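Between the sequences and the hints, there should be enough to build the whole structure, so can you do that?
Residue numbers (this note's numbering), protein chains in the order written: chain A, 1 to 209; chain B, 1 to 209; chain C, 1 to 209.
Check each hint, because a few of them may be wrong.
Since the list can't tell identical chains apart, any single copy or any two copies may satisfy a pair.
EDC-like cross-link-like pairs, simulated, lysine to aspartate or glutamate; straight-line CA separation at most 16 Å [unchecked claim]:
#1 K186 to D156
#2 K112 to E154
#3 K164 to E182
#4 K164 to E74
#5 K164 to E176
None of these hints come from the bench; they were simulated from the model. Here the structure is a predicted model, which means the values were calculated and not measured.
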Amino acid sequence: MAFTLLPKDTSFFDLFDQLAGKVLDAARALEEMLERWDRLEARVREMKDLEHECDAITHRTFDKLNLTFITPLEREDIHELASRLDDIVDHIDSTASRLVIYGVKKPTDEAKLLAQVLTRTCIEVQKAVAGLRNLKDPALLSRISVEINRLENESDDILRLALKRLFERQNGDVLEVIKLKEIYEKLESAVDRCEDVANVIQAVVLRHT
Amino acid sequence: MAFTLLPKDTSFFDLFDQLAGKVLDAARALEEMLERWDRLEARVREMKDLEHECDAITHRTFDKLNLTFITPLEREDIHELASRLDDIVDHIDSTASRLVIYGVKKPTDEAKLLAQVLTRTCIEVQKAVAGLRNLKDPALLSRISVEINRLENESDDILRLALKRLFERQNGDVLEVIKLKEIYEKLESAVDRCEDVANVIQAVVLRHT
Amino acid sequence: MAFTLLPKDTSFFDLFDQLAGKVLDAARALEEMLERWDRLEARVREMKDLEHECDAITHRTFDKLNLTFITPLEREDIHELASRLDDIVDHIDSTASRLVIYGVKKPTDEAKLLAQVLTRTCIEVQKAVAGLRNLKDPALLSRISVEINRLENESDDILRLALKRLFERQNGDVLEVIKLKEIYEKLESAVDRCEDVANVIQAVVLRHT
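This is the structure we're talking about:
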């Protein structure tokens, strides 16, 4: 299927921008939750609302796919990209919920640091998604991809340090080790999911250049 | 490659139906194992047999791909779909085996509930696979996909509740926490693998409509 | 895009061979680390160097993709294959680093056994990657794929035995259980990543035969 960019199709890009915006909202909400550590139950509910809004946008994207004859990108790429963006929010929502379910006493500096890197990565994801409107600049998307890869390496380094400290400083509270280990891993895994989005976008670019 | 449905090719759909049937058999066997909690070693062996049968069907599918010139779906989609169906059974088999390896004392209500949702999801997977024979009704496949997504959300809610209770009710038996946590997560992950199958099928539909 | 094998394009295959070679180097380095259990910090640094070299080759592959007009395989397949090979090294590097971060006292026989299977699987991956140069022999690639699948089953069996022994023989040292469980699972997961590479290669073969 050849690449055709018709004005009437741009609304797929609008839906992607909305999704990427919600992804970034979720990352910032998680960072704030860890920073302020108040209104926990309310924050989890707000995050769940964000997650449902993403589901709704994703389903609207799928429905639109079924009703649109000519799409600006391959149909399966649109499906894949929406699904992968939705995955990021699922991971962020799951992290927020685990923090409360597990009754984590106080978020560690390492958890806050990981959440900060996640927010920075979601900003790059938003840029990459916006860049899809104009595939004429593959070099820009390639640079964003390299930056997302760099941030993923950074989050992996923080995870390693966090796990090292977690095991060194535990005071026999093994349950707290299990809980924080999962929180750290989920945060790092959310950054990995951002890299998945970057990979889908790179594949789209490669098919159209 | 255009969509061509020749009579001689329908046996790929037969192989898919067989696979989806074994997937459902495995889900039901796991649900029954958790419900009755008897003949554990025998049940694990029976599950392993089911898993081997799935491997055999999957390999038969791959061999057939290498010998068939015109296929009813893209060759790589056939490969992907068989692989993803096989993944579900791997997860179910792995859960059954962990239950025995870990010497889990008694399955919890939450584990049983997750296994029930898994069975219901595998019934939808079977419907979706059957629906592939007739891609003329994308709306049906779309509805099944939405239902699988709903069941995945349901299993995620049960997982959260299960983890909450697990950590609240533990009596210092941290090993039991580690074991049950993995069982719960594997059950939920099996439902996620069903969603992967739904995604592959959606992508096939999108390419053919 | 039709399959064209032009002499000037063979360097993509050279890059793949380099990557597969580094993957095997990493697997062997991990096996040696577990066997000798000396110079741990130095070995982790050497592994990190290997990982960076793989990143560099992967990025060189992506840059070359952006500069090459006619590629010997679909552009997105080249991207996918390089990414999946890189994933294997990430898993191996992560395992080596966890061994030291966690201060694992002494590697178990099961960890060594898993590392041996991983090395054998990486040898098959190298063969499969080399086989890509000549897609005229799909039967060879199919046989390698079956062998990788067999090795993945073997590593899964070892993992089950390892977990069984880990929980049976623990002497109340739950933290050691958590650490070794993750090491075992990461080793097995590295073999799974090899299977992902085999799947990508199978998909490429299917598109070209």
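Check K112 against E154 for me: Cα-Cα at most 16 Å, and say if that holds within a copy, between copies, both or neither. within (14 Å within a copy, 29 Å between copies)
Up to 16 Å between alpha-carbons, please classify K164 paired with E182: within, between, both or neither. Both, since 14 Å and 14 Å are each at most 16 Å.
Reference check for the pair K164 and E74, CA-CA at most 16 Å: within, between, both, or neither? Neither. Shortest intra-copy (44 Å) and inter-copy (42 Å) distances fail the 16 Å Cα cut-off.
K186 and D156: within-copy, between-copy, both or neither at 16 Å Cα: Both, since 11 Å and 15 Å are each at most 16 Å.
Which holds for K164 with E176 at a C-alpha limit of 16 Å: within a copy, between copies, both or neither? both (14 Å within a copy, 14 Å between copies)
Taken one by one, the earlier hints fail for this structure only at number 4.
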